[in-house]
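Chains as they are written, first to last, in the numbering used here: chain A, 1 to 376; chain B, 1 to 376.
You may find that some hints are simply not true.
Which copy? The list can't say, so a pair holds if one copy fits it or any two copies do.
In silico lysine to aspartate or glutamate, EDC-like type, Cα no more than 20 Å apart, as pairs [to be verified]: (1) Lys245 to Glu105; (2) Lys245 to Asp24; (3) Lys245 to Glu20; (4) Lys162 to Glu12; (5) Lys245 to Asp329; (6) Lys162 to Asp97.
Derived from the structure by calculation, the hints contain no laboratory data.
The structure presented is a predicted model; accordingly, all values stated were derived computationally and were not measured.
There are 2 protein chains.
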Amino acid sequence: MTREPARLAAAETVAVELGERGYDILIGPGLIAGAGPELARRFPGARYAIVTDETVAGHHLEPLAASLTDAGLAYSSIVITPGEASKSFEVFGDVVDGVLSARLERGDLLIALGGGVVGDLVGFVAGVVRRGMRFVQVPTTLLAQVDSSVGGKTGINTRHGKNLVGVFHQPSLVLADTGALDTLAPRDFRAGYAEVAKYGLIDDPAFFAWLETHWQEVFAGGAARIQAVATSCRAKAHVVRIDEKETGPRALLNLGHTFGHALEAITGYDGSRLVHGEAVSIGMVLAHDFSVRMNLCSPDDAARARAHLEAIGLPVSPRQVPGGVGTADDLMAAIFQDKKVKRGRLTFILTRGIGQSFIADDVAPDVVRAFLAEQI
Amino acid sequence: MTREPARLAAAETVAVELGERGYDILIGPGLIAGAGPELARRFPGARYAIVTDETVAGHHLEPLAASLTDAGLAYSSIVITPGEASKSFEVFGDVVDGVLSARLERGDLLIALGGGVVGDLVGFVAGVVRRGMRFVQVPTTLLAQVDSSVGGKTGINTRHGKNLVGVFHQPSLVLADTGALDTLAPRDFRAGYAEVAKYGLIDDPAFFAWLETHWQEVFAGGAARIQAVATSCRAKAHVVRIDEKETGPRALLNLGHTFGHALEAITGYDGSRLVHGEAVSIGMVLAHDFSVRMNLCSPDDAARARAHLEAIGLPVSPRQVPGGVGTADDLMAAIFQDKKVKRGRLTFILTRGIGQSFIADDVAPDVVRAFLAEQI
Chain A
1 MTREPARLAA AETVAVELGE RGYDILIGPG LIAGAGPELA RRFPGARYAI VTDETVAGHH
61 LEPLAASLTD AGLAYSSIVI TPGEASKSFE VFGDVVDGVL SARLERGDLL IALGGGVVGD
121 LVGFVAGVVR RGMRFVQVPT TLLAQVDSSV GGKTGINTRH GKNLVGVFHQ PSLVLADTGA
181 LDTLAPRDFR AGYAEVAKYG LIDDPAFFAW LETHWQEVFA GGAARIQAVA TSCRAKAHVV
241 RIDEKETGPR ALLNLGHTFG HALEAITGYD GSRLVHGEAV SIGMVLAHDF SVRMNLCSPD
301 DAARARAHLE AIGLPVSPRQ VPGGVGTADD LMAAIFQDKK VKRGRLTFIL TRGIGQSFIA
361 DDVAPDVVRA FLAEQI
Chain B
1 MTREPARLAA AETVAVELGE RGYDILIGPG LIAGAGPELA RRFPGARYAI VTDETVAGHH
61 LEPLAASLTD AGLAYSSIVI TPGEASKSFE VFGDVVDGVL SARLERGDLL IALGGGVVGD
121 LVGFVAGVVR RGMRFVQVPT TLLAQVDSSV GGKTGINTRH GKNLVGVFHQ PSLVLADTGA
181 LDTLAPRDFR AGYAEVAKYG LIDDPAFFAW LETHWQEVFA GGAARIQAVA TSCRAKAHVV
241 RIDEKETGPR ALLNLGHTFG HALEAITGYD GSRLVHGEAV SIGMVLAHDF SVRMNLCSPD
301 DAARARAHLE AIGLPVSPRQ VPGGVGTADD LMAAIFQDKK VKRGRLTFIL TRGIGQSFIA
361 DDVAPDVVRA FLAEQI
């Protein structure tokens with residue numbers, strides 16, 4: 001049997017303009033099976049270490065490896081256990097050891113093949129081995145394609161919280177294979193879609209309106225999916241360009257995330273109850289409703305945001321979380337634990353309407369507590 | 001009993017010009033006991049975690065802590081085991097956990113109080129906690145004052161080699177207390193002096209000549225010591241400014257280090273046999289002698305370099321290493337393990353005379369092996 005010829009040309013290219021740390025995001029189907037020639041052209045002479053997890057390896061390691069072999073590229077592979085628990089000091093040390101054992105040098109590249117866990121972990125490893133190696137993100141979930149694989153935030157978790165240890169380290173290339181998303185469970189696709197909708201809600205009302213009309217096509221695949229991923233990546237690339245180290249406007253990307261992180265913490269990061277994108281969906285609805293309460297946003301716009309996420313099949317209220325989310329005080333404690341709290345003042349992303357989000361850095365904790373008490 | 005009033009004014013300030021990552025190196029006596037007001041002035045509102053080792057804590061933790069307390073600054077302290085073995089994943093994880101337990105935020109600072117091990121480890125911790133915190137280097141050895149505390153190279157060791165895991169992360173301030181060097185054992189002072197002499201040998205013949213005349217005063221303390229440390233820091237700051245990430249001329253700082261690292265590896269990093277500065281001393285003499293062999297350097301200049309290091313009491317030949325250094329093949333194997341070997345070609349820092357070093361990136365391994373065989 002002959003292998004299907006690799007499709008080398010991406011349907012879309014988004015350039016992340018960061019000077020000497022800039023890179024391209026290629027978006028389209030067939031990019032995993034066609035990775036070899038693309039890598040050979042961009043990184044002549046380099047060797048590779050592919051890092052992936054057991055689940056993703058079952059779907060995508062063989063086609064990627066075959067493509068590298070066909071292009072004459074040397075690689076080794078490191079397979080970790082799937083799941084958030086792998087963002088640990090222990091697995092971090094194991095992967096560092098694996099990369100050093102493979103005798104990769106500074107000019108060689110790591111390939112992060114997988115979702116956000118693999119991307120965050122491998123990006124951190126690449127950021128510290130030999131004080132910084134290049135790496136390629138090959139995100140295989142919608143969430144990773146539109147969010148975590150772009151922007152250079154890497155890290156692992158500790159007992160004190162998520163992503164508290166890591167570096168800013170930009171990839172040298174992102175290959176977002178939109179065909180790979182066909183292997184996702186519907187719940188995971190929906191969860192990633194919450195972050196797609198987020199870009200509309202932040203500052204792109206036209207994109208939000210387009211999603212309201214075309215979301216079924218995004219789920220089905222094809223040109224609409226490519227367009228949704230590309231628009232999301234372009235939005236994120238823009239914010240990253242103007243605020244690489246997250247000292248200012250990049251915080252807009254946290255729309256729905258302060259509430260969302262609190263819900264995730266309360267549910268013990270138990271994916272059977274709540275995954276990240278679901279938490280963000282609820283968080284975005286809360287952010288809109290809270291903005292209505294603050295007389296910032298019209299009830300109609302808040303209802304429209306909620307209706308779209310509900311149509312997708314995403315949860316839109318803390319009451320939908322299996323097992324509940326505790327008391328308003330529990331949620332406030334979790335919010336105060338979040339690393340975006342600065343010297344006791346609460347920073348939230350609030351909104352004046354669809355696509356009109358802004359950073360509010362002086363929100364009074366009491367008002368938030370009273371609001372949350374009504375939501376749970 | 002009243003405490004001696006702190007001396008706030010440093011005798012010398014060297015600015016490391018790296019744009020928004022730039023910082024000052026203050027050099028002079030009394031800087032540890034006078035740290036509090038300096039920190040309060042530079043970093044208003046910040047809290048601190050002092051990281052040091054048991055040996056250094058005995059000499060310097062109380063005066064530093066008292067100075068912070070007197071200035072109204074909040075701090076916690078973390079004390080690690082002295083020695084190179086602390087540059088490990090395990091101690092790294094412990095210090096990260098200690099910093100997070102102290103609930104420091106992104107605007108707070110770590111203080112690395114100690115020699116190169118503490119500085120490299122704490123710099124790495126600061127580079128990754130919350131994706132980058134600020135830190136202050138307070139180097140208490142001559143080696144750390146003139147070399148490792150300046151330039152932002154941080155890291156830990158793995159079973160694959162030294163400093164293979166780390167980041168480039170510049171400190172926000174360096175306090176080089178030249179009075180603290182009075183607590184050093186003579187052997188450790190001599191070892192640090194090898195790096196001082198290195199700056200003369202790299203590109204500053206006038207400084208080397210000054211050292212030949214004034215080295216006893218540098219050892220005795222006072223103005224000559226401040227001048228020697230300041231000249232060294234200024235030299236290193238210049239190289240770091242033009243090549244922060246060590247892609248080019250910064251390699252000059254490795255004069256004597258390719259041979260030196262090989263000798264350290266062969267002796268198992270056993271400080272009772274050979275410490276880093278001693279290895280560098282032997283390495284620099286080998287680099288000069290090898291340059292004579294290659295008809296690059298006059299025998300007189302090589303003899304002059306050797307004579308000065310010998311006068312200090314530093315070893316100048318592999319034959320002086322207790323227990324020997326194995327065969328030429330052993331040394332070559334260690335050289336090939338070194339991370340400065342790129343795709344099989346050997347890069348050495350060679351010299352055309354005192355203060356005329358240059359990067360030679362095409363040295364033939366066979367010639368080196370033959371030379372080394374005569375030296376051991």
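Results for each hint:
1. Lys245 to Glu105: between (27 Å within a copy, 15 Å between copies)
2. Lys245 to Asp24: So lysine 245 and aspartate 24 pass the 20 Å test inside one copy only (19 Å; across, 23 Å).
3. Lys245 to Glu20: Result: close both inside a copy and across copies, 15 Å intra and 13 Å inter.
4. Lys162 to Glu12: Neither. Shortest intra-copy (32 Å) and inter-copy (43 Å) distances fail the 20 Å Cα cut-off.
5. Lys245 to Asp329: For lysine 245 and aspartate 329, the Cα distance exceeds 20 Å both inside one copy (31 Å) and across copies (47 Å).
6. Lys162 to Asp97: between (23 Å within a copy, 13 Å between copies)
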